[in-house]
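Participant: Place chain B on chain A using the hints.
2 protein chains.
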Amino acid sequence: MPAAVDQYLAENAAAFEEQLCQLLRIPSVSAQSTHKGDIRAAAEWVAGQFRDMGMKAEICETPGHPIVYAELCQAPGAPTALVYGHYDVQPPDPLDLWETPPFEPTRRNGNLYARGATDDKGQMFTHVKSAEAWLKTVGKLPINLKFLIEGEEEVGSEHLDDYIRLNRERLKCDVCVISDTSQFGPGLPAITYGLRGISYFELKLQGPDRDLHSGVFGGAVVNPANALVKMLTALVDDQGRVQVPGFYDDVTPLTERERKEFAALPYDEAEFKSAIGVKELNGEADFTNIERRWARPTCDINGLTSGYQGEGAKTVLPAKASAKFSFRLVPNQDPANLKAALETFLKERCPAGITMELIGYHGAPGVVVPLESPYVAAAVKAVEHGFGRRPVFIREGGSIPVVSTFHDLLGVDTLLLGWGLNDDNTHSPNEKFCLADFHRGIKTSAALWEELGRVKT
Amino acid sequence: MPAAVDQYLAENAAAFEEQLCQLLRIPSVSAQSTHKGDIRAAAEWVAGQFRDMGMKAEICETPGHPIVYAELCQAPGAPTALVYGHYDVQPPDPLDLWETPPFEPTRRNGNLYARGATDDKGQMFTHVKSAEAWLKTVGKLPINLKFLIEGEEEVGSEHLDDYIRLNRERLKCDVCVISDTSQFGPGLPAITYGLRGISYFELKLQGPDRDLHSGVFGGAVVNPANALVKMLTALVDDQGRVQVPGFYDDVTPLTERERKEFAALPYDEAEFKSAIGVKELNGEADFTNIERRWARPTCDINGLTSGYQGEGAKTVLPAKASAKFSFRLVPNQDPANLKAALETFLKERCPAGITMELIGYHGAPGVVVPLESPYVAAAVKAVEHGFGRRPVFIREGGSIPVVSTFHDLLGVDTLLLGWGLNDDNTHSPNEKFCLADFHRGIKTSAALWEELGRVKT
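Line order of the protein sequences matches chains A and B. Sequential numbering from 29 applies to the first sequence in our numbering. Sequential numbering from 29 applies to the second sequence in our numbering.
None of these hints come from the bench; they were simulated from the model. One thing to keep in mind: the hints can contain errors.
Note that identical chains are pooled: a pair holds if it fits in a single copy or bridges any two copies.
Said to hold, decoys possible - As a list, the in silico SDA-like pairs of lysine to any residue whose alpha-carbon atoms are at most 20 Å apart:
hint : residue 1 : residue 2
1    : K342      : E230
2    : K288      : S432
3    : K409      : F212
4    : K307      : R377
5    : K342      : G481
6    : K342      : A43
7    : K174      : H435
8    : K367      : A341
9    : K409      : D190
10   : K409      : C378
11   : K164      : N365
12   : K64       : E312
13   : K301      : P379
14   : K342      : E186
15   : K348      : R377
16   : K307      : A380
17   : K258      : P379
18   : K301      : C378
19   : K258      : K375
20   : K232      : A341
Isolated chain A (complex conformation):
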């Protein structure tokens, strides 16, 4: 990478931090309509950053919050990268648990504390500043670069897929880049090459047409709460293995190489347990904790609701009982296939006297990026430049649905290059971003444009 770029980064480190603080001061909480003006202000601020460095930027309206789109495509013959990020943040509640106010960014112990510091304003901003460094020194980018920065990630990205579908030509690219994940541990950068998918459901059972007295009717009327627990129990065995027929048919097993590499990662089970406050772990036999979380499908109940939930006792035979539950899927499992088999499975177990309704919420397939891709090799070199060490290859248990959207609609893979740490308190009070990682991220990103630019398309 040109020395001038590195020098620019070094000389502007303080300015970059100050600019990030400006963005963090805007409370762009997408879930709360009172922050609509702040959302707009954040979008304008981000667009302004692109314009200031000479990129074309546009604020694209959606039925919800706007998307900021920017591009600079003046590197003929070089590949095109599309950076995705989001400028919206989670609500800061509960406010009283913040040591310093969520929208007054504060430096402490080498970290910057604020809502959005790492998720995703800080991480997204690294790619903005790296482009600026190239443009302000070399005068041009070594790659064709596009940015898609949305404002609804924290509320389900409702309008993103439509935007991508309607703007396929504009968004055409060779590879996508997202920094919205974490390193494996402090100082141990990672390339996340796999994500689990998800299929989320709600099961609603209706028994009698109103709550009944459990003394007068109990024993003769089928209780939907009793039925619910039985139906849910049938879904998974004691080890968490899903019992819906065919569920595991399409699961791509981990390769021996992956299992060896995961096993070589530093992992302290006592520390893991202590961090979440449990004494024992459990899960599928013959799989390690990391394998269970990154590469095995699951079924977790996310919510249960029925009858009386207040203080003390109420002798009610509830009219209704419902559960929210979701399956994490691994690559090659199709979320669209699951619902029919699940519905049959549950219907067979739904007792007479109960009517059931199964609602399917969002689904997303799991993804893996082929490790042999030249873009992955380019990213490895960039991380080595920015962090001074080779990244490990990891997967993640969560889902980032836009990764499959990019795959399906744009036909490209995504590089998940996360600068965060697992204890960054994303979605919790005292969210933070390590400032050293912020600068390492910018440096990696600057190198990434050069390395990706060299890939022959």
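Facilitator: Leaving out everything else, chain B in the frame of chain A:
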């Protein structure tokens, strides 16, 4: 019964209705502290009724709402009856479903509509007016009569047991009388000789120390909601048979005579199902619907709470999951014996990684009044006088804990003589009391004092 008594009842029918309306206009809602003054007013009003007819009456303070106590014991050699009732009522919500305001008693189709009309102001009042009829005509009662009218029945009778315990001498009697139940059907009066007991629990499970991301942690961390449904499922089989060891050991089976009498009662299953809006019923094999509800123990989940209960989807692995559930018990099952066996049963099924807490709420044993008792025979005659037909003997699935308190602390059985109907909407909008039944109840009660007075103690 002296003709003068019957005549007094006939001549004062309209006055009795008007007086009941006075009481019904007082919104003595025990659950709401804003009605504290109304509670006091209702107690004073009831005490005034006793004083007006020449009984000694007292308003007894408790740490909660006061108890009205009255007595007239001037029938040496005759037995003593203790009437229990309550002057407090359920909250009237939801108000918009009432056709006429809950505290403006309104006559419609031969019924009196108001909160408390049947539960329990109207039914309780029948025993007040019957005593008045004797005193205003014959000049004395044919029995020694005591009244215990409380103001906390709708909020769990928290201070009643203490009052009874501290006033055993004062409350000493040969038989108790409660009118807070129903006829078997319109024009088919009933003596309720059996009640189910209850043992109510809450099971609280704790997994991780906070809600976790179900993507990041799912599959490796034991989910307390998944554990809860498994533990609850183990409690009962598909027919509702409780699986806790020893649960059925002490159950007194129904006699052949009882089963025959229950089978002879008019019961229309299609009507029963339609009234509660279910298409199918289910329960223990080899028992009829009536037997299941009146005389078989049960386990019903009364409430389920865990994780996300709002709209849409949230991918949370909940920290906590809890259930309220209760067992209906039949005579001879001791609620005090159940908790230890239940706790062992659940602990054996609580997976590693989850801590459980089992909270025991109120318990009450089931009761049966011996049918061969002379007081029952007296009550039969009184009902024949008041309703013009012989009552049927029924049980009820619910629990009236004070019945066991009377049995345990005063050593007496209770006559449950209900003038209500199953569709009286107790605890619901548009509560009503059939005015013809109100007067039949007063007439039965007046005869009851004479019939009970003849029993040799």
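Participant: Evaluate each hint against the coordinates.
Facilitator: Going through the hints against the structure:
In this assembly of identical chains, K342 and E230 lie within 20 Å of each other by CA distance solely across copies; the values are 11 Å between and 25 Å within a copy. Taking CA atoms no more than 20 Å apart as the test, K288 paired with S432 passes in neither setting, with 27 Å inside one copy and 67 Å between copies. In this assembly of identical chains, K409 and F212 lie within 20 Å of each other by CA distance solely inside one copy; the values are 17 Å within and 84 Å between copies. In the homo-oligomer, the alpha carbons of K307 and R377 lie at most 20 Å apart only across protomers (17 Å), although the nearest pairing inside one protomer, at 34 Å, exceeds that limit.
Taking CA atoms no more than 20 Å apart as the test, K342 paired with G481 passes in neither setting, with 67 Å inside one copy and 39 Å between copies. Taking CA atoms no more than 20 Å apart as the test, K342 paired with A43 passes in neither setting, with 61 Å inside one copy and 38 Å between copies. Taking CA atoms no more than 20 Å apart as the test, K174 paired with H435 passes inside one copy only; the shortest distance there is 16 Å, against 83 Å between copies. Within a single copy, K367 and A341 get their C-alpha atoms only as close as 37 Å, which misses the 20 Å cut-off; across copies the closest is 16 Å, which meets it.
In this homomeric assembly, K409 and D190 never come within 20 Å of each other (Cα to Cα): the closest approach is 34 Å inside a single copy and 79 Å across copies. For the identical chains of this complex, K409 and C378 are neighbours neither inside a copy (55 Å) nor across copies (49 Å), given an alpha-carbon limit of 20 Å. When the C-alpha separation of K164 and N365 is checked against a cutoff of 20 Å, the pair qualifies neither within a copy, at 50 Å, nor between copies, at 81 Å. Taking the shortest alpha-carbon separations for K64 and E312, neither the intra-copy value of 45 Å nor the inter-copy value of 57 Å comes in at or below 20 Å.
For the homomeric pair K301 and P379, the shortest alpha-carbon distance between copies (15 Å) is at most 20 Å, but the shortest distance inside one copy (39 Å) is not. In this assembly of identical chains, the alpha carbons of K342 and E186 lie at most 20 Å apart only when taken from different copies (14 Å versus 40 Å within one copy). In this homomeric assembly, K348 and R377 come within 20 Å of each other (Cα to Cα) only inside a single copy, at 17 Å, whereas the closest approach across copies is 26 Å. Only between protomers do K307 and A380 lie at most 20 Å apart by alpha-carbon distance; the minimum there is 8 Å, versus 40 Å within a single protomer.
In the homo-oligomer, the alpha carbons of K258 and P379 lie at most 20 Å apart both inside one protomer (10 Å) and across protomers (17 Å), since each shortest distance falls under that limit. Taking the shortest alpha-carbon separations for K301 and C378, only the inter-copy value of 18 Å comes in at or below 20 Å, while the best intra-copy value is 37 Å. In this assembly of identical chains, K258 and K375 lie within 20 Å of each other by CA distance both inside one copy and across copies; the values are 12 Å within and 19 Å between. Only between protomers do K232 and A341 lie at most 20 Å apart by alpha-carbon distance; the minimum there is 14 Å, versus 24 Å within a single protomer.
The structure fails hints 2, 5, 6, 9, 10, 11 and 12 (numbered hints given earlier, in ascending order).
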